[in-house]
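One-letter residues, chain by chain:
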Amino acid sequence: MNSPKIIFLPWFFKLIGTIIVLFAFFLFFVKLNSGVSLQEFINFDTDIRNYAIYAILILGFFLIIFSKEKFEDELIAHFRARAVFITTILHSLFFFIFTFTSLTLHFINFPAIILMNSLFFFYIITFNIQKFHEKFKNKNNDNFD
Amino acid sequence: MRNLKIRITTISISMRNYVRDERKRRKLKQEELADALKVSRQTINAIEGNRYLPSLALALKLSMFFDMSVNELFIFEKHELP
Chain W
1 MNSPKIIFLP
11 WFFKLIGTII
21 VLFAFFLFFV
31 KLNSGVSLQE
41 FINFDTDIRN
51 YAIYAILILG
61 FFLIIFSKEK
71 FEDELIAHFR
81 ARAVFITTIL
91 HSLFFFIFTF
101 TSLTLHFINF
111 PAIILMNSLF
121 FFYIITFNIQ
131 KFHEKFKNKN
141 NDNFD
Chain G
1 MRNLKIRITT
11 ISISMRNYVR
21 DERKRRKLKQ
31 EELADALKVS
41 RQTINAIEGN
51 RYLPSLALAL
61 KLSMFFDMSV
71 NELFIFEKHE
81 LP
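Order-wise, the sequence lines are chains W and G.
Under the working numbering, the residue at position 104 of the first sequence is numbered 104, and the numbers go up by one with no gaps.
Under the working numbering, the residue at position 23 of the second sequence is numbered 23, and the numbers go up by one with no gaps.
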């Protein structure tokens with residue numbers, strides 16, 4: 001029995017996603033330089049354009065996550081599964097800590113879209129750490145004889 | 001009343017494989033083996049370094065490639081710790 005395959009976007013969407021993420025960060029820094037404080041930025045009730053920056057960031061993350069690697073095999077699928085597991089734990093902790101600080105310190109009234117962004121962000125980080133760790137081990141262990 | 005003795009043992013399980021030895025015996029590069037099995041070189045390296053346990057399908061492909069049984073290629077070791 002063959003396991004069902006997940007349909008991913010072609011690998012070049014990862015590149016497009018990266019450009020979109022960089023563009024979102026660029027907009028973020030432009031916004032901060034225009035005199036908006038970080039607290040005001042996160043609490044985007046004041047300006048709907050801040051919400052647009054989060055939406056662009058999510059789109060970029062989405063394209064990065066749901067696009068294929070250049071070479072797809074079972075090790076990559078294994079990394080993906082492990083990244084989902086680690087992200088679930090990390091994000092639960094993040095959610096708990098963020099909610100706690102928000103309630104007690106009245107720091108910010110954070111929007112739900114931040115949690116979506118952080119979820120994608122944690123996934124990308126954990127997946128790529130595993131991938132580059134394996135690449136590094138591979139470089140150090142080039143036994144071709 | 002009979003006394004029941006419960007013996008708690010810890011079993012450690014480890015896997016070893018002879019993929020590297022067999023590949024070297026056939027004078028193959030990791031890349032050549034990876035190409036033949038349609039996986040990446042990283043996957044072969046991870047299997048050889050015991051950092052990744054291949055799926056049953058890939059284990060069978062490896063055993064067919066080396067013309068060995070899976071049992072000969074992959075060694076399942078069970079240690080009973082006191």
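Source of the hints: derived by calculation from the structure; they are not laboratory data.
Even for Gly, the Cβ is constructed at its ideal location relative to N, Cα and C.
Do not take every clue at face value.
As the list claims (entries may be wrong) - Label-pair distances were calculated between CB atoms; the ranges are:
| no. | chain 1 | residue 1 | chain 2 | residue 2 | range |
| --- | --- | --- | --- | --- | --- |
| 1 | W | A77 | G | R16 | 48 to 54 Å |
| 2 | W | P10 | G | S55 | 22 to 28 Å |
| 3 | W | V30 | G | L53 | 19 to 25 Å |
| 4 | W | M116 | G | I13 | 37 to 43 Å |
| 5 | G | S14 | W | I97 | 24 to 30 Å |
Said to hold, decoys possible - Okay, derived cross-link-like pairs now, BS3-like style, lysine-lysine, Cα gap no bigger than 30 Å in a straight line:
| no. | chain 1 | residue 1 | chain 2 | residue 2 |
| --- | --- | --- | --- | --- |
| 6 | G | K24 | W | K137 |
| 7 | W | K5 | G | K27 |
| 8 | W | K5 | G | K61 |
| 9 | G | K24 | W | K131 |
| 10 | W | K137 | G | K27 |
| 11 | W | K68 | G | K61 |
| 12 | W | K131 | G | K29 |
Now the hints, each set against the structure:
Checking the proposed 48 to 54 Å range against A77 of chain W and R16 of chain G shows it is violated: the Cβ atoms sit about 24 Å from each other. A hinted range of 22 to 28 Å holds for the C-beta pair P10 of chain W and S55 of chain G, which are about 24 Å apart. The supplied range of 19 to 25 Å is broken by V30 of chain W and L53 of chain G, whose beta-carbon atoms lie about 48 Å from each other. Checking the proposed 37 to 43 Å range against M116 of chain W and I13 of chain G shows it holds: the Cβ atoms sit about 39 Å from each other.
A C-beta distance of roughly 37 Å is found between S14 of chain G and I97 of chain W, which places it outside the suggested range of 24 to 30 Å. This hinted pair checks out: K24 of chain G and K137 of chain W have alpha carbons roughly 19 Å apart, not beyond 30 Å. Among the hinted pairs, K5 of chain W with K27 of chain G is inconsistent with the structure: their alpha-carbon atoms are about 35 Å apart, more than 30 Å. Restraint check: the Cα-Cα separation between K5 of chain W and K61 of chain G comes to about 20 Å, which is no more than 30 Å; the hinted pair holds.
Proximity of K24 of chain G to K131 of chain W is assessed by CA-CA distance (about 26 Å); at most 30 Å being required, the pair is judged to hold. Restraint check: the Cα-Cα separation between K137 of chain W and K27 of chain G comes to about 22 Å, which is no more than 30 Å; the hinted pair holds. Taking the CA atoms of K68 of chain W and K61 of chain G, the gap is near 24 Å; set against the 30 Å cutoff, the hint holds. In summary, the hint linking K131 of chain W to K29 of chain G is supported, as the alpha carbons are separated by about 21 Å, within the 30 Å threshold.
Checked against the numbered hints listed earlier, the structure breaks hints 1, 3, 5, 7; every other hint is satisfied.
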